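Trainee: Here is how the chains run, residue by residue.
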Amino acid sequence: MLDRMQRLRRGAVTAVGMAAAVVVLASCGATGPRNHQNTIHPAGPAAQKILNLFTPFFWVAVVIGAAVVGMTIFIAIRFREKPGEERNPVQTHGNVVLEVSWTIIPFLILAVMAVPTVATIFNLAKIPHGRDVVHVEVDARQWFWQYVYTDKDTGFYTANEMHIPINHPIELTLKSNNVIHSFWVPELAGKKDVVPGHTNNLEIEASHPGVFTGQCAEYCGLSHANMRLRVVAQTQSDYDAWVAQQKTPLAPSKVVEFTKDISAKWGCLSCHSVTNLTSNIGVTIGPNLTHVADREAFAGDIYQMTQSNLAKWVYNAPARKPAGPLKGWMPDFSAEGMTMPQAQQIAHFLLCETATRPTAHPECR
Amino acid sequence: MTTVEDATALLHPPVKRSILDRPRSTTGAWSWFTTVDHKKIAIMYGATAMFFFLVGGIEALMIRLQLAQPNGTILSAARYNEFFTMHGTTMVFLMGMPLAAAFGNYFLPLMIGARDVAFPRLNMFGYWVFLLGGAFIYSSFVLGGAPDGGWFGYAPLTSTPMSQGFLPGRGADFWAVGLIMLGIGSVATAVNFIVTALNMRAPGMTMMKMPVFVWMMLVVAFLTLFAMPPLTAALIQVFMDRNFHTNFFNAAAGGDPLLYQNLFWIFGHPEVYILILPGMAIVSEILPVFSRKPLFGYSVVVFSGIAIGFLGWGVWAHHMFATGIGPIATSAFSLSTMLIAIPTGVKIFNWLATVWGGSVRLRTPMLFALGFIAQFTIGGLSGVLHSIVPADTQQTDTYFVVAHFHYVLFGGLVFAIFGGIYYWYPKIFGKLLNEKLGKLNFWLMVIGFNLTFFPMHFLGMEGEPRRTYTYPNGMGWGTLNLMATIGAFIIAAGVAVFLVNVIFTAIRGERAPEDPWDARTLEWLTSSPPPEYNFAEIPVVTARDEFWHRKYTEDDEGRLVKLPPSDASRIPARHDPSEPHGIHMPSPSYWPFVVALGLPIIGYGFVFKLWWLLAIGVVILLFGINAWTSEPATEETH
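Protein sequences appear in the order of chains X and V.
For the first sequence, the working numbering gives the first residue as 1, with consecutive numbering after it.
For the second sequence, the working numbering gives the first residue as 1, with consecutive numbering after it.
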C-alpha cells in the first residue's frame, strides 16, 4: 500500500502531466486558425521561405527541449532519496570527455543552422528589379497606413487596404514622419520596422488571391493595437480593374458638394483629401477619402465600412479609437456642435458618393 | 614647531560636533535607516523587491484580465499601456536586479568568509537609492501619469516633447529620470561587490575556490558596471529631447532613432544576463547540496559564466533584426547569438550531471532548482530560434517573444529566486519555511507558469503582436489567451501560498537546526541568523566547498565518508565581547540615506522644471556627501 506522501506525490505528478498534455494538445489544436494573419499559413514566397527555414530547426529544438526536460524529471525520480535513506554517492567532480562533447555537439548543430540562416538573410534582402515589380510607398502614421502607388501606370494613393496583383513582387518603401512602426503581414513576409529618417524596403508577394491581414508590430503609442491593415491579393484583371477605379477621380460636382456642404462647416479637408492622384497630392494628415467607401474597413482597418460605423466615427472619433492628446488628430465633433443626424448625413455622403459601386452598400440602394 | 600635544591631536582628533550625532544603535526600528550591516541591507533589499514583485504581479494580472477575451474592457488603452510599461520596468529594475542585490549582499560576504562588504556605507546608499528611485517612478501614477512608453522606451515615441501628445502625460520623464537614479544605485552596488569579491576573501580562498555563486555575482557586477552608462546616456538624451528641444533622436532635424536602440540594447542585452546569472548562481549552490555531490565541472561552469559575460556584449543588435540594419549586420549578430547558446548549454548539461548519480532530496529548494533547469532550457531554445534572423522577423514583437523571455526570466530567474528563498530562509531568519506549503507553492507555480506562457508561443506564431491592449473577435486568439489568464491566476495562488508560508513560519515555525540541509559553503559555518560580525573568527579555507570538507572526505573510490565531528565543523559560539581582541565593525551612519534623499528631489526638480526644488536637492546631496566623506568608516568607541 502506498503511504500518504507517495500518493500525494503521484497525484501531483499526474496532475502536472495531465495539465501539460492539455496545454500541448490545446496549443497544437489551435495552431491553425485561418485568421489571415498566421505565420504558419504562408501565402507568398517570402513567408514560405521563412517557414521552411524555421520548421526543421523548430523540431530540433523541440527534441532537445523534450530530452532535457525529460532528463531532468528522470534524474530527479531515478536518483531521489527514499525516506530515511542516506546514500553516500560517488563524488564526481567532472569528466573532460563529456564536457568537451557537450560543448562541441551544440557547436556543430549551430554551425549547421548558421548556413541556411545566412543564405536566407541575403536572399530575402535582395531588392527586386524588372518591369513586373509593383512599387508602393508605405507611410506609417498615428495610427493608419497610407499607400502611395508610385509606378507610371498607377500614380494614386490610398490608405489601410492595399491591393496587389498575385505573383508579382511588390517592393514596399517604408517611411515614417512620426514614431517607429513596423509593417507586418505575417502570411506574406516577415516584419520590417518603419523608422523616421530611415527608408526601409520590404518585398512582399502573394501566390494566390486572398485577403491577408496584418498590423503594426512596433509599439507606437496609445492606439498601437488599432493600427491594422489588410492586403488584398487579386488576379491581374481584378487588380487592373481596381487600379482603374482608384484612378477615376470623384465627379467635380461631388467634390464641390463635399467642400461646400460638409468641409466648410467641419474642416474635413484641412486633414483629408478627396483627390488621390499623386500628380496632384493634397493634404495627407488623415487617410485619403476619395474612394474610402471601396475599402472593407476604416480607422486603421478596425471598423467595418457601414453607415452606422462611419456616423459614430465622424460624430466622436476619439471615443471610438483612443488618441489621447495627440496633436492634429481627428477631433470630437460632437463637442463642436455636430448632431447625430448631421453625422449620419456625412456618413451617407462618404459611403454612397465615394464608392465606385454604391450598390455594394445596402445603405445606398 | 611640532609639539607632542599637536601630534596627539592629530592621532586622536577631538570628536567633531555635527548637526546629527552619529547613530550608534544597531537594534530597534531606527537602526534600519542607519544600518551598514550587509545582512540587514540585504533583508531590506529583499523585502522591498518582493513588494515590487507583488505590485508588478498585480499589473500583470490586470493585463491578463484585459486580454482574457477579445475586445476586453477591463482597462482603457492608456491604463493598459501604463501597466505593461510598469510591469516590465518593475520586474527588471525593481524586482530582478534588487533581488540579485539582496542575495549577493547577504551571501557574497558570508561565502567568502568576510565580515561585511568592502564599502558598507556605499552599500546602504545603493539600497536607499533603489527604494527612493522605485517610489519616485511609482509616484508618477498620482503626479501626472505613469510611464507608458514601454520598459524599453523607444525614441522618438518617448523623446518627442510632451506638447506633441505622442504619449499622454509626464510618464516618460518620470521613467527616464527614475531609471537614471536606479542606475546610480546599481553601479554603487556593483563596485562594492567587485571589490568585496576580489579583496576580502578569507585566507586560503583562491579565486578558483570561490563558490560559483560568488563567481556569478562578480560577473554580474562587472556587467552592471559597464552596462548602466550607455543606458544612462540614452536616458539623458531622451530627457533632453523631450524637455530642452535637443534633437538626438529627432530624424527631422538630423537625429537618429536607431542611435537610441543601439545604446539601449548595449545596456539591454547584458541586462538579460545581469538578471539571469544570479538565477544560475543560486541554482549552482542548491543542486550540489540536495544531490550530496560537488558541482560537476566547477571550472567549466565558472568559465561558461565568464564567457556569457563577454559574449553578452556582442549580441545586442539581435533586438534590432527588423529595423533594417542590413544583411551583413544581421548575419553577424545572428552568428554571435548562436555562439552564446554554447556556454549556456554547457551549464545546463553540467547541472544535470551534478544531479546524476546523486542522493537527490526533493525538498522545496531542489524542486525549484530542477524547475529552473527545465524551464530555462525551453526559454533558451526559443532564444536560439530567434537567432534565425528570417524567422525572427516573424516572431519579434509578438507573443512568441513574450513566451521566450518569460521562460527565461520567470521560469528561470523567479524559480531560482524562490528556490533560493526556501534554501536560505533558515540561514537568514533561523526558521525553516513549511515544507508542505513549499511544495504546494512550487506545484501551483509550475502549473500556472506553463499554462500562462506555453500557449503564448502559439499566439505569436498565429500573429498576435505584443503591447496591444485589445484584439478583435475572429482572430482565433481567445481560447489560448483565456488559458494564459487562468494560468496567471494560478501563479498568483502560488505566490499567495508563499506569503501564507512566510506568515505561518513567523508565527508557528520552529527553530531551524544550524545546518538543516547538510550544506557545503561557508555561510553555514556560523550561527543562524549570523551575528553582526558574521564569523567570530575568520575561517581559514583549504578547499572548495570548505564547510563540506570539514564534515566529509572521500575514500579511494570517490565515495563519501563522514568525518567524526570536530571543532572545525562545529558552528562556533558567539564572540565573547569581553575578549581582548575586539571585532571592529563599521559604524552606522545617516549620510548615505541623506545623499540618496537628495536624488529624488533633484528628479522632481527636473521633471516639473522646478529649479528651486532641484537646487534644494543638490544642496542636500552635496551636504550629505561632505558629511559622509568627513566621518570615519568606523567610529572609535572611547
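Quick caveat, the hints were computed from the structure, so don't treat them as lab data.
The structure presented is a predicted model; accordingly, all values stated were derived computationally and were not measured.
Any given hint could be a false lead.
Derived lysine-lysine pairs resembling BS3-like cross-links, with alpha carbons at most 27 Å apart [stated by the list, open to error]: (1) V:Lys209 x X:Lys82; (2) X:Lys312 x X:Lys260; (3) X:Lys260 x X:Lys247; (4) X:Lys82 x X:Lys49; (5) V:Lys40 x V:Lys431; (6) V:Lys609 x X:Lys82; (7) V:Lys431 x X:Lys82; (8) X:Lys152 x X:Lys260; (9) X:Lys312 x X:Lys265; (10) V:Lys562 x X:Lys82; (11) X:Lys247 x X:Lys152; (12) X:Lys265 x X:Lys175; (13) V:Lys439 x X:Lys82; (14) V:Lys436 x V:Lys209; (15) V:Lys609 x V:Lys209; (16) V:Lys562 x V:Lys551; (17) X:Lys327 x V:Lys551; (18) X:Lys327 x X:Lys312.
A short list of chain V residues far from chain X (calculated; beta carbon distances all over 10 Å) [as the list claims (entries may be wrong)]: (19) Gly57; (20) Gly474; (21) Thr634.
Per the computed footprint, the stretches of chain V lying under chain X, defined by three or more beta-carbons under 8 Å from a beta-carbon of chain X, are [as the list claims (entries may be wrong)]: (22) 495-501; (23) 523-536; (24) 553-563; (25) 594-601.
Built from N, CA and C at the ideal position, the CB exists for glycine as well.
Trainee: Are the hints correct? Go through all of them and say.
Mentor: Against the structure, the hints come out as follows:
{"no.": "1", "hint": "V:Lys209 x X:Lys82", "result": "32 Å, violated"}
{"no.": "2", "hint": "X:Lys312 x X:Lys260", "result": "22 Å, holds"}
{"no.": "3", "hint": "X:Lys260 x X:Lys247", "result": "23 Å, holds"}
{"no.": "4", "hint": "X:Lys82 x X:Lys49", "result": "53 Å, violated"}
{"no.": "5", "hint": "V:Lys40 x V:Lys431", "result": "17 Å, holds"}
{"no.": "6", "hint": "V:Lys609 x X:Lys82", "result": "66 Å, violated"}
{"no.": "7", "hint": "V:Lys431 x X:Lys82", "result": "24 Å, holds"}
{"no.": "8", "hint": "X:Lys152 x X:Lys260", "result": "33 Å, violated"}
{"no.": "9", "hint": "X:Lys312 x X:Lys265", "result": "18 Å, holds"}
{"no.": "10", "hint": "V:Lys562 x X:Lys82", "result": "20 Å, holds"}
{"no.": "11", "hint": "X:Lys247 x X:Lys152", "result": "12 Å, holds"}
{"no.": "12", "hint": "X:Lys265 x X:Lys175", "result": "33 Å, violated"}
{"no.": "13", "hint": "V:Lys439 x X:Lys82", "result": "17 Å, holds"}
{"no.": "14", "hint": "V:Lys436 x V:Lys209", "result": "35 Å, violated"}
{"no.": "15", "hint": "V:Lys609 x V:Lys209", "result": "52 Å, violated"}
{"no.": "16", "hint": "V:Lys562 x V:Lys551", "result": "6 Å, holds"}
{"no.": "17", "hint": "X:Lys327 x V:Lys551", "result": "72 Å, violated"}
{"no.": "18", "hint": "X:Lys327 x X:Lys312", "result": "21 Å, holds"}
{"no.": "19", "hint": "Gly57", "result": "21 Å, holds"}
{"no.": "20", "hint": "Gly474", "result": "7 Å, violated"}
{"no.": "21", "hint": "Thr634", "result": "41 Å, holds"}
{"no.": "22", "hint": "495-501", "result": "violated (count 0)"}
{"no.": "23", "hint": "523-536", "result": "violated (count 0)"}
{"no.": "24", "hint": "553-563", "result": "holds (count 7)"}
{"no.": "25", "hint": "594-601", "result": "violated (count 0)"}
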